[in-house]
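The whole structure should be built from the sequences, with the hints applied where relevant.
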Amino acid sequence: MAAYWDGYGYYEPIKPIEVKGGIKAKSKRGSFVQSWWAKRWIKTLESFNLGARLSRGKSYARKGQVTSIKIETGLVRAKVQGSDPRPYSVTIKVRTLTGSEWDLLAEKLALKPIFAAKLLAGEMPEDIDSAFKEIGLSLFPETLDDLETDCSCPDWSNPCKHIAAVYYLLGEEFDRDPFLIFKLRGVDMDDFMSILGKGFVPETADRVAEAEALIERTDDKTGTVLEAEISPVSPEPLPLNPEAFWGRFPESTGEEKSPSFEAHIPQVQASLPKRLGKFPFWRGEEDLLEVLEEIYKEASPAGMMVFLGERK
Numbered sequence: 001m002a003a004y005w006d007g008y009g010y011y012e013p014i015k016p017i018e019v020k021g022g023i024k025a026k027s028k029r030g031s032f033v034q035s036w037w038a039k040r041w042i043k044t045l046e047s048f049n050l051g052a053r054l055s056r057g058k059s060y061a062r063k064g065q066v067t068s069i070k071i072e073t074g075l076v077r078a079k080v081q082g083s084d085p086r087p088y089s090v091t092i093k094v095r096t097l098t099g100s101e102w103d104l105l106a107e108k109l110a111l112k113p114i115f116a117a118k119l120l121a122g123e124m125p126e127d128i129d130s131a132f133k134e135i136g137l138s139l140f141p142e143t144l145d146d147l148e149t150d151c152s153c154p155d156w157s158n159p160c161k162h163i164a165a166v167y168y169l170l171g172e173e174f175d176r177d178p179f180l181i182f183k184l185r186g187v188d189m190d191d192f193m194s195i196l197g198k199g200f201v202p203e204t205a206d207r208v209a210e211a212e213a214l215i216e217r218t219d220d221k222t223g224t225v226l227e228a229e230i231s232p233v234s235p236e237p238l239p240l241n242p243e244a245f246w247g248r249f250p251e252s253t254g255e256e257k258s259p260s261f262e263a264h265i266p267q268v269q270a271s272l273p274k275r276l277g278k279f280p281f282w283r284g285e286e287d288l289l290e291v292l293e294e295i296y297k298e299a300s301p302a303g304m305m306v307f308l309g310e311r312k
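With full-length UniProt numbering applied, the sequence shown corresponds to residues 1 to 312, in that order.
Watch out, some of these pointers could steer you wrong.
Lysine-lysine pairs mimicking BS3-like chemistry, simulated, CA-CA at most 30 Å apart [as the list claims (entries may be wrong)]:
#1 K118 with K15
#2 K28 with K118
#3 K20 with K108
#4 K108 with K28
#5 K24 with K70
#6 K24 with K108
#7 K108 with K133
#8 K93 with K297
#9 K133 with K43
#10 K43 with K93
#11 K70 with K43
#12 K58 with K28
#13 K63 with K39
#14 K39 with K58
#15 K26 with K39
The calculated label-pair distances, taken between Cβ atoms and stated as ranges, are [claimed, not checked]:
#16 A121 with E46: 25 to 31 Å
#17 L292 with E126: 51 to 57 Å
#18 M193 with L289: 24 to 30 Å
#19 G303 with S68: 35 to 41 Å
#20 L289 with E134: 20 to 26 Å
#21 L289 with I265: 14 to 20 Å
#22 A302 with A52: 49 to 55 Å
#23 L292 with S68: 51 to 57 Å
#24 A302 with T91: 47 to 53 Å
#25 G30 with G303: 36 to 42 Å
Note that these hints are calculated values from the structure, not bench results.
Quick caveat: nothing in here was measured; it's all calculated off a predicted structure.
Ideal Cβ placement from N, Cα and C applies to all residues, glycine included.
Below, the structure is given as structure tokens:
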């Protein structure tokens, strides 16, 4: 490994101890993240002018040198294996927003319900940061004042390559779950949706009224409305009978018949696991959902043949 220049001098890099079962980045080359919000996170890291430490941190992330990552409210704790037998401890603290700042933000976000809809669908609205900027805030850390990083390694530079490796892996996690950015800013998904609900203004009541029933009392002779009130619509209870719940009602003749089933090969393979989304900090060499999809493709025709009695 050739010596590198970090802006202050040349240094001989020390080869890190190889890790088995570490957290490897999904990206093998080129761009590290896909979504625009994850790219904003990486852009913050790259703005610190880390020089060669940035590329070495990316290499650490792709080799699986990071052994663990734990995301808490406003805090990330990680372990990174370097050249020392004992993994280095990395912490990244992000300034959390105060309760009053979240309340102000809720008022702004409530004006655009599409924000909540997109976030629940796992997508970060592209103009959401404009709501933050209107009250003098930013969703993403923009300066060193918004971040506090530390690593137990002997490198005096901060951020170091170990911190950079964790940064890159966090970016990939933000691709999977944009709510992790909100968690680092002080609230998790449930808290955020509760805060967002507080921000809805009275004008939104007419939307709620559309889902309610209008009960009127009229004069029997003239038909004039004498009294009206709004009453919530009671949802129809689910049937307790299993046959009725699944849409198989008993025949009126009372005779028992064998239940009928309709079997077909799903158009979308591994649809149930896919609902869970990407698994956090996956350690496998291959993407789990992609592997499961191939298994489903092979298992579905085989299962159909067994169902039809063409194969045991």
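Here is how each hint holds up against the structure:
{"no.": "1", "hint": "K118 with K15", "verdict": "violated, 44 Å"}
{"no.": "2", "hint": "K28 with K118", "verdict": "holds, 29 Å"}
{"no.": "3", "hint": "K20 with K108", "verdict": "violated, 47 Å"}
{"no.": "4", "hint": "K108 with K28", "verdict": "violated, 39 Å"}
{"no.": "5", "hint": "K24 with K70", "verdict": "holds, 15 Å"}
{"no.": "6", "hint": "K24 with K108", "verdict": "violated, 38 Å"}
{"no.": "7", "hint": "K108 with K133", "verdict": "holds, 10 Å"}
{"no.": "8", "hint": "K93 with K297", "verdict": "violated, 44 Å"}
{"no.": "9", "hint": "K133 with K43", "verdict": "holds, 18 Å"}
{"no.": "10", "hint": "K43 with K93", "verdict": "holds, 17 Å"}
{"no.": "11", "hint": "K70 with K43", "verdict": "holds, 22 Å"}
{"no.": "12", "hint": "K58 with K28", "verdict": "holds, 10 Å"}
{"no.": "13", "hint": "K63 with K39", "verdict": "holds, 21 Å"}
{"no.": "14", "hint": "K39 with K58", "verdict": "holds, 14 Å"}
{"no.": "15", "hint": "K26 with K39", "verdict": "holds, 15 Å"}
{"no.": "16", "hint": "A121 with E46: 25 to 31 Å", "verdict": "holds, 28 Å"}
{"no.": "17", "hint": "L292 with E126: 51 to 57 Å", "verdict": "violated, 31 Å"}
{"no.": "18", "hint": "M193 with L289: 24 to 30 Å", "verdict": "holds, 26 Å"}
{"no.": "19", "hint": "G303 with S68: 35 to 41 Å", "verdict": "holds, 38 Å"}
{"no.": "20", "hint": "L289 with E134: 20 to 26 Å", "verdict": "violated, 38 Å"}
{"no.": "21", "hint": "L289 with I265: 14 to 20 Å", "verdict": "holds, 19 Å"}
{"no.": "22", "hint": "A302 with A52: 49 to 55 Å", "verdict": "holds, 52 Å"}
{"no.": "23", "hint": "L292 with S68: 51 to 57 Å", "verdict": "violated, 24 Å"}
{"no.": "24", "hint": "A302 with T91: 47 to 53 Å", "verdict": "holds, 49 Å"}
{"no.": "25", "hint": "G30 with G303: 36 to 42 Å", "verdict": "holds, 39 Å"}
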